[in-house]
Structures are given as structure tokens and as C-alpha cells.
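4 protein chains.
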Amino acid sequence: MRNSIGTSVILTLFGESHGEAVGAVLDGLAPGMPVDEGYIALLLSKRRPAGAADTARREPDAFRIVSGVFNGMTTGAPLCILIPNTDVRSEDYAANAGLPRPSHADFTAHVKYDGFEDWRGGGHFSGRLTAAITAAGAILLNALERKGIDICSKVVECAGLKDESSFEEAVLKAKADGDSVGGIVRTEITGLEAGLGEPWFDSLEGALARAVFALGGVKGIEFGGGFALARMRGSQANDQFCVADGRIGTETNYSGGINGGISNGMPVVFNTAVKPTPSISLPQKSVNLETGAEATLEITGRHDPAIVRRISPVITAVTALVISDMLALRHGTDYLSE
Amino acid sequence: MRNSIGTSVILTLFGESHGEAVGAVLDGLAPGMPVDEGYIALLLSKRRPAGAADTARREPDAFRIVSGVFNGMTTGAPLCILIPNTDVRSEDYAANAGLPRPSHADFTAHVKYDGFEDWRGGGHFSGRLTAAITAAGAILLNALERKGIDICSKVVECAGLKDESSFEEAVLKAKADGDSVGGIVRTEITGLEAGLGEPWFDSLEGALARAVFALGGVKGIEFGGGFALARMRGSQANDQFCVADGRIGTETNYSGGINGGISNGMPVVFNTAVKPTPSISLPQKSVNLETGAEATLEITGRHDPAIVRRISPVITAVTALVISDMLALRHGTDYLSE
Amino acid sequence: MRNSIGTSVILTLFGESHGEAVGAVLDGLAPGMPVDEGYIALLLSKRRPAGAADTARREPDAFRIVSGVFNGMTTGAPLCILIPNTDVRSEDYAANAGLPRPSHADFTAHVKYDGFEDWRGGGHFSGRLTAAITAAGAILLNALERKGIDICSKVVECAGLKDESSFEEAVLKAKADGDSVGGIVRTEITGLEAGLGEPWFDSLEGALARAVFALGGVKGIEFGGGFALARMRGSQANDQFCVADGRIGTETNYSGGINGGISNGMPVVFNTAVKPTPSISLPQKSVNLETGAEATLEITGRHDPAIVRRISPVITAVTALVISDMLALRHGTDYLSE
Amino acid sequence: MRNSIGTSVILTLFGESHGEAVGAVLDGLAPGMPVDEGYIALLLSKRRPAGAADTARREPDAFRIVSGVFNGMTTGAPLCILIPNTDVRSEDYAANAGLPRPSHADFTAHVKYDGFEDWRGGGHFSGRLTAAITAAGAILLNALERKGIDICSKVVECAGLKDESSFEEAVLKAKADGDSVGGIVRTEITGLEAGLGEPWFDSLEGALARAVFALGGVKGIEFGGGFALARMRGSQANDQFCVADGRIGTETNYSGGINGGISNGMPVVFNTAVKPTPSISLPQKSVNLETGAEATLEITGRHDPAIVRRISPVITAVTALVISDMLALRHGTDYLSE
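Protein chains in written order, with our numbering: chain P, -12 to 325; chain C, -12 to 325; chain Y, -12 to 325; chain V, -12 to 325.
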């Protein structure tokens, strides 16, 4: 699978940060789904660097749908979406070529691709590719909304703080220190039917986790009560059944809407742990990959002091991909446009 | 994929708790791998209920290799392993048929399979199937050991306690109360080469997460510093490079041995959050699936007051499956027997 | 995929000719499908050696459903079917161990599996495994019938003859000569909806071809007019549209019911070329795999002088698998039991 | 999988005939493979309409590599190749919109995509997409050549004639008659190692057949002796072993280089039956999809009176994809650049 995800609705990702474009192919879309370019632009705008708390790189994320849409509707053929790269300054990176950045993919990419990787700006590993994921995911997010399914991701913790009004200040403080911070994003899926997901290897938790760990910087995921459940007793953690309006639900939702890998009709809830951006301007220890000698690295490019805000819509986008795929597999290929 | 996992080395799971047997098919094994039945039995013994702190159900987990082994070695053809069910007492379950157990898969299975599911003892959702996963995984764990790769899982927290000597007491206390507890398992992979895993959708984290979330009771996973990283600054969280014995490593391992989805040569480390066993003997609120009325459930069967100890070898087993698959994909189908 | 086929309904094959059993796991079955053991036995009986024109090996093909069926209905969990081997005479093969049979898989298996393959009676390559395919396929064939879709395979040519009454005589004649013959099987699928299959890589033709070439002895497949179309002009070969009973059809069916990889509502028709059985008793040239010297091989075991009759129900079975998988993918996982 | 093929080396296809571009993403390429644009252009030129015997549509097939190549070498990241559409005359098609062409995909596309398909020039079904397949396949064909593996496809029969010098005349004659012809392409793979392919569902024959049937117009495939084998006796059809230069081979090659689904080291040989182009200018019977009434169709666009010559390099390209994928799976992801 590598750069692809999905069984019935399949996304394939390509592109490099400093190449011509990043893009994605979405295959298996139901024919007759409206494609609202404004909606795509809106979700893209949420991941775009905005205020002082984000990277100074500015890209309009202008996208072009190359195939799969005719008269504003999906045709059922693969939809290719391209986002050209424009504001590219490779020279920022050239200075440090050969000195891998700590906790970044530079070193592992070098080992894996034997020196042939496009190292400029992170190449294929760049966060820039999440624009393509977001654009593709937006098409499905919109389709899910038409089905009454909503997916919402929001930062619930930043730099260890839980009060939203303090987030920007904490990020700017870190930036001023040449440093970076992390945070936690909570995602909630509402309106989802019961019965989605499989026992064992295609559990809803596993499918979502695989998709969310695709995103650079993610180091943990927990569903419902998550790690806190490990410290509870069963009598506390179990979600007691109840009947309301003739519908079976549960009094609490420590299960995060999933039992035995399958959605139970309650909101699906998960938290994603995002580490602090590894690119900081403080001096760091690296090694010269040519000589093998230890070296000091000082990063001068434009970077985000925190990606936790910008990653939220991307988590929403991959969640939309996973849910769409599972719905199409369960109900058939035309389900999302019915 | 459903009940299968893997691309080059593929496991397919089948069976029900109260059917004839549980089992697994392992396909894509390198020919010429020794199959040590004693080694399989040893890993199985670690997940078997043992002391007073486990379920009273006693099964020898006698397994039979039905295919794929000839003269004690893998042939390269699919290896089918069967574990017959013996100590089956369906009547324990019959009393509560129609009353789903809170936070168990009874309700979601019922919705998904429309009442056709084998509900006896959890059927295909039963923890009993982890015996088949464990037996199959043991074959690969043994092969990895011959390659110098070790995988070790251990309980690092139980019932909120971190002192190993207090675990059994806490479990017995919960059992006496008709209740259950959860815990956290830490898994460490050592000896693993750098370069394993893919950027984006086939990241090492994503692949391991998908496999671990296959196991009932798992509600969270974190790699390296995990959720704690979300509260650190980049300057703390970044693993500074160093050179030791001519080999590039890092001074710390907050990344858990993975950057950009790819192993970096340091130990791969992750924590798994296991919720308290949902089957408790205290009365709980359920609903009668036939009448739709709220009802009280009292579970009388034999159950584990904690599965965190017994799930450890299963996490090791699925980890062995994931790592074997990635190695075979990277280095070729014969790699594990070379 | 290796020993598996399918995306939504997935078959996984295992076993060896002279091992404990052959078997298959069918995953992704809709819950609530009746499983009629008599129907399975009937299809199995069609591939079983019967008269003087078949191998003398006699096996009852007694099968056992190990999982996935409860109260006579599929549960939605993987269905494992086992067919124990009984009438096994490995000594017939021991004499020729190390001397690969011409046009058989002995040599390629030896190269691929490096000498670790189970060579007894063809091992995993044995036609015996088609019993497991047939048993599994029968379950789906039965489900398709309930949907009004029929699949029928029949021998239309044997030993170069097209008159059915002459087939058995030709086979017996070859047998008397220590030789073997081949033939052609025609398969017809009626009642199939239009719209099944995908353009390009998941074409209905490609999916069926892949499945049919899985069977040992198959060396060609053609759809509709097939190779004869290569000699026609477009004006002859094109199927002109017509309307009958308000339904769009075509006057001829040179397309074999498929255009652009997608079913068009006309019967799907294809021919399969089956080579003569490679196991003959006439002396043949082989090589001693240990010494590398040329050698003469005389096969003394029990063999079919023609497999074309026995392969027919197996082609039907794999066709049922492919069609079921495509229907489930198109209409959803529960479609076959609705 | 739909518009994708491959397990380790994966091609994903997109685009429409009259849209912005056609293209493909190649994922899983070994890093460090030289990408020779001249070589790609050369293979593309072989499928391009050339003389009077081809369609009058003229496209330079100018391609652009959007990602995955850096300094002339593959990086290991997905390679996206785009071929913009230029010489597009949709008005040729508008006249016949709503009247499906016999034996073309118009009708099946309409049924499958519910009227949302891009019908202009065949849309996603157009032979134009084979340019993208050919460009992508060329990269792998070149890599295989560096490994000593050659793939060659040639027309061995056209319009029922086997003398190559008569082909063009026959095509021009059909064109003059407003008609079209078909033919047979023979493909030969030399230099291929023994041991490639799997028994049963991933047989080399099945994998190649699936890939070749992806191409519009293909209605049959046979390996080695193919359909003629069905009329031989085993004693004729079996390839007797021999030893030459210390290497085990066979005296004949009726098996087409494959036994039990696995390559045996002899040349892999197969024939592909290509039907006559369905687009002819003679009047044909169609139906009006809106009114449901029978109608007469007269096609006026620019079309090939025979695609058998132009499809040859495309068969070579998909063959290169299949072989590359199998080699990468067997020997590891870096094999093709080693």
C-alpha cells in the first residue's frame, strides 16, 4: 500500500515540498457526488499558516482537479488533485544538507533511500503533502456531512495548557525562545451508524490509528477514556446501556463509541498526541552524514513553532477518508452519493 | 483484509470461542524456517490463564500444524495452525443471551451481524482467538530472534500501580469485589535495523498501532515519549544525535526509535493502554435486545479480572507479525530464513 | 495476496496433498446466508474421480466446517472448511523423488522453495487443493443462485473432439496408451446485472482470468468470440444493440457479456484451455536434481488421463468467488444474504 | 485496487481523454534507478498513431514527471507522470452523445456511473490512458533491461494474415471500407529467473492475464502452446527436461516458461487476442439512452482501423509492471536498482 490508504475508497499521495507540485489520486468515489471547490478551499485554509504563531512560508494552496470531475460532479473515475508548489526557497535547506535534523525524518530517509531522497525542504516527508491529503479528504468530509455525519477536530491542549485562550501566547513564547511546543487534538465523529468496523485487524480503532499515525509529529492516539481507562475499574469504565427515545445508547462513553472494533452508535472520540515541531532554531547536535563526525546544526529556515493547530484539519481529513472507505465497503460503492 | 494482516507475510484468523477450534493461516513464510513447537508452546503458556488472578477456564492450548511444515521446516506454502476448543461451557452464556454486556462487543456484533453471530462465549470476538494469533506470531518471533531482533512486552502498570510486586494483590482485590482492573504494557523491539517503515500511510507506528488495536481491550497506544511529548518543548523532546562505536545513534529516545514513520536504529518502544475487563460480576445495566427494555445483567461465567498480563505475549506476537512482514517486503520473501 | 483472492469476499487456501488436510478460509461472507452441506457435497462430487476415465485415487471429500457457521447460517465471521486427506500413498511418489516430472510444478517448486517443499503427491501444488476451492465456492454459488445468477461450466472439447459422446472413449484410449489428453471448458454466467467490473486493472475479464489461471493445467482463456475475434472485422464482431421487452441487449454476444471490463447484462461467456495432464506413464526425460544428470522418469502412481472434466466444477467455483466478491464490493457486504 | 495494480511496485492510473491530462503514479520504486526520458519517449512513440493506418489524432505525448525523481534518479517516493491532452475535439463526440457505440464501453459506463461519466472521447475508458501506462511501464522496462531481462511484443497476426508485409495493406483496406480489423500480439520475456510467481491465485499467468485484460480490446490470452495444447496428448505437450551448459532447461517450450504458476527459466511466451476496433464509420444499430428507442449510429470522429500495432508496446509496458512487481516482492524493494 505504501502511499495509499483504503480498500473501496483509496487515496494515493505523491509530491515533494520543493518539486513541481504535491497531489493525490482518490479512487473508488461514487459517481454523482458534488465537488464543491469552495468547501475544499475552506478546509485547506484551516491548515494554512496564518498568524504570527505559524511558519512564515505563505502558499495559497491553489489546487487543480485534473481528472474525475465532470460538470461539477464526480464521474466515478479516479479524481486527481494537484497543488503546485510556489513559495519555495531551497537555499534555506542547502546550508544544512548532510546534517540531519534531530527527531526529523532526514536521517531515516537517508538510510532508507540511500542518499537518493529529495532532501530539499523535507521532500516527500514534508508537511506540505498534508495539503493534498486535506484537499482530497475535504471532498469526502463534504459527502459525509450530506449523510449527517460530522467530523470535528480541535486542539484541547497546547504546550501543556488546556485553556484555549492561552495557546497562542505559549506558542509565541516558544518561538521567541527559538523553540517549539506540542499539543493534543481531540476528534469527534457524530451521526455515525452502529456496525462500522471489523473485529480484529480491521477494527475502527486500528484503521483510524493507522491513518492518523501517517501524519508527521503524531506520537500517540487514544480512544474514549484511553490511557485513563487503564487506571479505572471495570465498574467505572463500563458504559452502562440505556434506552432513550427508543434508541439504545450508553450512559457514559468511555469506549469512545467503539466496542470490539465496531462503532456502537455513540460519538466516536479520540485524542491525538502531537509532539513539538522538531525544527527549532536553537543549536542542536547532529552528525555529518558524509564524514560521520558529530556536528552542530543551526536551522535558519521558516518553521512552525507548533503544528498542533495546523494538523487538526488534516486529522479530520484522514478520518473522513477512513470513514468513507468503511461506509463504501459496507454499503456499496454508490452509497456516498445516494 | 478483515481478518487478515500483512502484505508479504500474511496472517488470517478464524474460529469461535465455543466452536470446534480457533486457528490461523500464515502465508508468505520463507521456506526453510525451523518451526519449534516447544517455542510456540512457551509463548502460548504466557497468555494462558495461570494463577488465581486469571479466569478459571483451563485450556491446554494444544495446537496442531495442519499444513506448511515438512520435516520440521516451513515449506513456503501456507501454514495452518489449529487450536481445538475443549473446556467449553456454553450454558454459562445462555442465561444472558439477548442481554449485551456493557463495553463488550455483544451489542455491536448483534447490530453488525443482524443476530446471526455466534454469541456463545463471545464467538469470533472472544479473547480465545488470541491463542491462534500467539501461536502464529511465535513462529515469526523465533525467526526474528535468529536475526538478532528481540521483542519484549511487559506490564508496567496495573490498576494504576507501577510496582510490579503489587499487581497480583490489586487484581485479586478487584476480583473479590466482583470487579476488574486495567493496565499498561510496554513493548520494546531491539536489534531492529534502521530504514523499516514508510512515510505516510505505511508508517511503522501506523502498522504497529493497527495490529495492536486488533486486540480487544486496547484503547490507546503511544510511541516513545508519547502523550508526554505533547507537553514538552522541542529542545527537550528532540533526540540529539551522537556517534558511538562508529554508529550513529541518539542521546535520548523520545522518538521511540521511529522518525517519519521509519525505524532509526534505536529501540522501538511503545506503550499500550488496556482497559479493565468488561466482564464483571457486579450487576450492570443492559437492554433486552428482543423487547428493547432496560434490564439488569449479572454475569456468572468464568472471567479474567484483568487481561493485562495475558495480553502481553499477544502484543509481542502481533508485533512480530508486523516486523516480519516489513522485513520480508524490504529484503525479499526468503529473508527470514537466510 | 499469494494464496488469497478477493477484496470484499476473500478466499485463503492451504494444505498439501499428503498432509493432514486441505482447506480454505472464506472471509467477508454476509451474515445470514444458509449453508447447505448437501449442495457443497454435490459440487464436490462433480470434481471427484468417478469412472474408469479418472484417477484411481478415491477420496470421499468429507468436509468439516470448522468456523463461521451457527445454526446452519453464516455468522459473518470467517468460515473455515477442512477436508482431511485419507487415501494417501506417498510411496508412489517416493520412488521418483528428485526427478521432476516434465511440465509439472516439481521443478519450479524445487527452485522456488529451495528443496524445502513438501514434494509428496505434488504437495501444495496438488490438484487435491481444488477440493477446498470447490467446497468454498459452492457456498457462494448457492448464494448467487438465490440471487438469480447461474454459473455453468461444461466440457465443449476433449482430445480435439467436439462431440460429447466421444469424450470418454478418447480419454480411455489415451489412458490405454499411457498417455493423457486436454480439452476446453466453456463457462456461462447468466442473470448477471450490467455494471459489474472496473475499467483497467479490475476488469471483469482480468479478475476472472486471474482466478481461472490459478488452476493447474489452464493455459488459455478467451471471452466471447476470443481469438476468433482477432480474425473478424469490426462490422462482424460488433454486437449491435437492440431493445427487447423494454430491455437493452445486443443481437450477438461476441463481447462475451463484457465491454470496457464491465458486464453489459448479456451472458458472460468464456472458454478455458486445459492442457493434457502432465503425469503420464510413458517414459519421459527428466534430470536428477541432486546430481544434475539427465535421467529417465517412469511415473507409476494413480493419475488422471484427463482433468478437463474434473476441472469444470472448479472453474465454476472460482467464477462464483469472483462474481460474489464484485457484487459485495459494489452493493455492500450484506448483499448476498439480502 | 480498481485503477491500481501491483503489491510492491504499484501503478495507479487517472485521467480522461478530453480532460486536462492523463497520468499515473508509480509507487514502490527502488531509489537510485536512472530515469531516462529518451527511453520513455521511445516507447511512447511506438504506441503513437503514425502512418495512414492509424487514427488521424496527433498528440506529441509530451510527458512531465511531477514527483519522485531528483537529479535524474528515482528517489523512492511516488513518481507521478502527467501527459497533458492537447489535440482534443469533443464536438466529434457530441453529435453521438446518448447513442452508445456497439462493443464499446459507452453503454456499460453509462449503467455503472449512472450518467455521470465523462463521455467525451471515451473519457476514462479512452485508449489515450494507455499513454500513461506506457510511460510508467517504460521506466520499469528500462530497469529490467539493466537486469538482463528483455520483454518484446510484436504483431504476429493481423486481419487473419500472418505475413507481416501484408498487415498495412489489410488495415488500409478495412479503413477504406469504413471498417476495422483485429490481430494477435506475441510477447516474449527472456532472461527471467526461475522461481517467479506463486502457486494458485498469484500465478505468473494469472498476474500477466489480469494486467493484459486491463487493456481495451483484449479478448483472449494464451501461454506457450495455449489453446493448441488442449488438442495435444501429454506425450507431445510435455516439455522434456535436458541439461545444456550445466543448466537445466527443456527441449520444447509448450509451457510458455511457466509451470505451476511459476517461471521455469525458459522464455515466458504468451499471445494476446485483440479484437477489431469497435469504432467504425459504417452505420450501426444503437439505442437512444434517453428515450430507449432503437437508433442508427454513424461515427464520424478520427479512429484507428486497427489498434493491434499500437497496443503492442502497451502490452510490453504492463508486462514490465507485473514482472518488476514480482521481482521486488521476491528480492526486496531495492532489487531493481542494485
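It should be emphasised that the hints constitute simulated quantities derived from the structure, not laboratory data. Watch out, some of these pointers could steer you wrong.
To be verified - In silico negatives: residues of chain V with every beta carbon more than 12 Å from chain Y:
hint	residue
1	Asp23
2	Ala28
3	Ser32
4	Gly38
5	Asp48
6	Cys139
7	Lys141
8	Asp150
9	Ser152
10	Glu175
11	Glu185
12	Ala198
13	Lys206
14	Gly288
As the list claims (entries may be wrong) - DSBU-like mimics (lysine-lysine), calculated; alpha carbons at most 30 Å apart, straight line:
hint	chain 1	residue 1	chain 2	residue 2
15	V	Lys141	V	Lys160
16	Y	Lys160	Y	Lys33
17	V	Lys134	V	Lys272
18	Y	Lys149	V	Lys149
19	P	Lys134	Y	Lys134
20	Y	Lys149	Y	Lys162
21	C	Lys134	V	Lys134
22	C	Lys149	P	Lys149
23	P	Lys134	P	Lys272
24	Y	Lys134	Y	Lys272
25	V	Lys141	V	Lys272
26	Y	Lys160	Y	Lys272
Keep in mind the model is a prediction, meaning the values are calculated, not measured. Glycine included, every Cβ here is placed at the ideal spot set by N, Cα and C.
Now for the hints, and whether the structure bears them out:
With 12 Å as the threshold on Cβ separation, the claim that V/Asp23 sits away from chain Y holds: the shortest Cβ distance comes to roughly 25 Å. No Cβ of chain Y comes within 12 Å of the Cβ of V/Ala28; the nearest lies about 23 Å off, and the non-interface call holds. With a closest Cβ-Cβ approach of about 23 Å to chain Y, V/Ser32 is found to remain outside the 12 Å limit, as its non-interface label requires. At the 12 Å boundary, the C-beta of V/Gly38 stays outside the reach of chain Y, the nearest C-beta of that chain being 19 Å off.
At roughly 19 Å from the closest C-beta of chain Y, the C-beta of V/Asp48 stays outside 12 Å, upholding its exclusion from the interface. No Cβ of chain Y comes within 12 Å of the Cβ of V/Cys139; the nearest lies about 19 Å off, and the non-interface call holds. The beta carbon of V/Lys141 sits about 14 Å from the closest Cβ of chain Y, which is more than 12 Å, so the claim that it is off the interface holds. At the 12 Å boundary, the C-beta of V/Asp150 stays outside the reach of chain Y, the nearest C-beta of that chain being 14 Å off.
Listed as outside the interface, V/Ser152 is consistent with that label: its C-beta sits roughly 18 Å from the nearest C-beta of chain Y, beyond the 12 Å cut-off. For V/Glu175, the requirement that its beta carbon stay farther than 12 Å from each beta carbon of chain Y is met, with the minimum near 16 Å. A beta-carbon of chain Y comes within 12 Å of the beta-carbon of V/Glu185; the shortest separation is about 5 Å. Against chain Y, the non-interface label of V/Ala198 is violated: not every CB pair exceeds 12 Å, the least being about 7 Å.
Its closest Cβ contact with chain Y, about 5 Å, brings V/Lys206 to no more than 12 Å, contrary to its assignment away from the interface. Against chain Y, the non-interface label of V/Gly288 holds: every CB pair exceeds 12 Å, the least being about 14 Å. Proposed proximity of V/Lys141 and V/Lys160 is supported: the alpha carbons are some 21 Å apart, at most 30 Å. A threshold of 30 Å between alpha carbons decides the hint, and for Y/Lys160 with Y/Lys33 the separation of about 22 Å falls inside it, so the pair holds.
With a C-alpha separation of about 51 Å, the suggested pair V/Lys134 and V/Lys272 falls outside the 30 Å cut-off, and the hint is violated. For the hint linking Y/Lys149 to V/Lys149, the alpha-carbon distance of about 27 Å falls within 30 Å, and the restraint holds. At most 30 Å may separate the alpha-carbon atoms for a hinted pair to count; P/Lys134 and Y/Lys134 meet this at roughly 29 Å. Taken as a hint, the Y/Lys149 and Y/Lys162 pair is honoured in the structure, with Cα atoms around 19 Å apart against an allowance of 30 Å.
Proximity of C/Lys134 to V/Lys134 is assessed by CA-CA distance (about 29 Å); at most 30 Å being required, the pair is judged to hold. For the hint pairing C/Lys149 with P/Lys149, the CA-to-CA distance comes to about 27 Å; that is within 30 Å, so the pair holds. Between P/Lys134 and P/Lys272 the CA atoms are separated by roughly 51 Å; this puts the pair beyond 30 Å, and the hint is violated. Proximity of Y/Lys134 to Y/Lys272 is assessed by CA-CA distance (about 51 Å); at most 30 Å being required, the pair is judged violated.
Taken as a hint, the V/Lys141 and V/Lys272 pair is broken in the structure, with Cα atoms around 34 Å apart against an allowance of 30 Å. Restraint check: the Cα-Cα separation between Y/Lys160 and Y/Lys272 comes to about 23 Å, which is no more than 30 Å; the hinted pair holds.
Hints 11, 12, 13, 17, 23, 24 and 25, counting from the list given before, are not met by this structure.
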